[in-house]
Amino acid sequence: MADLATTVAVPQALPMSQAAALLQVGPAAFSLIEAAELELGQRVLVTGAGGALGLALVELAARAGAHVVGSAHGAAKRERALELGAAQAVDYPDVVAGDAFDVVFDGVGGQVGADAFAIGSAGTATISARSW
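In UniProt numbering, the protein residues as written are 1 to 132.
Just so you know, these hints were derived from the structure itself, not from any lab.
Source: prediction; values computed, not measured.
What follows is a set of in silico ranges between Cβ atoms, one per label pair, in the way DEER data are often shown: (1) 63 to 10: 16 to 22 Å; (2) 39 to 6: 34 to 40 Å; (3) 76 to 109: 20 to 26 Å; (4) 17 to 79: 15 to 21 Å; (5) 10 to 93: 37 to 43 Å; (6) 109 to 87: 23 to 29 Å.
Heads up, the beta-carbon is just placed ideally off N, CA and C, and yes, glycines get one too.
The task is simple: from the sequences and hints, build the whole structure.
Next up, the structure:
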């Protein structure tokens with residue numbers, strides 16, 4: 001049994017599966033957002049925006065006042081990113097080189113991550129969430 005001092009009450013409105021996911025990705029999401037030193041109005045790209053960590057990054061960045069573009073495969077994943085604060089949600093091929101981002105969070109890696117990082121300008125903060 002867990003020591004009572006190490007437990008956290010879960011609000012009844014929050015499904016246990018979501019609470020467990022938040023415990024897993026929450027600390028990483030907060031660390032990544034903190035590392036990016038987001039400023040009000042910055043443009044942020046989140047790849048993998050439909051996954052647990054990506055959705056947390058979308059919501060935290062949006063709440064910090066960033067203009068968030070979430071990229072993910074599948075309409076349902078993109079819709080969820082919009083619900084959590086993304087200003088725009090697109091499929092991976094629809095992120096174009098002409099877009100200017102201040103911060104890129106990559107949670108996918110591979111070619112998607114390489115393409116996302118290539119979009120950034122010289123001053124873009126690129127943060128890979130793949131190592132978290």
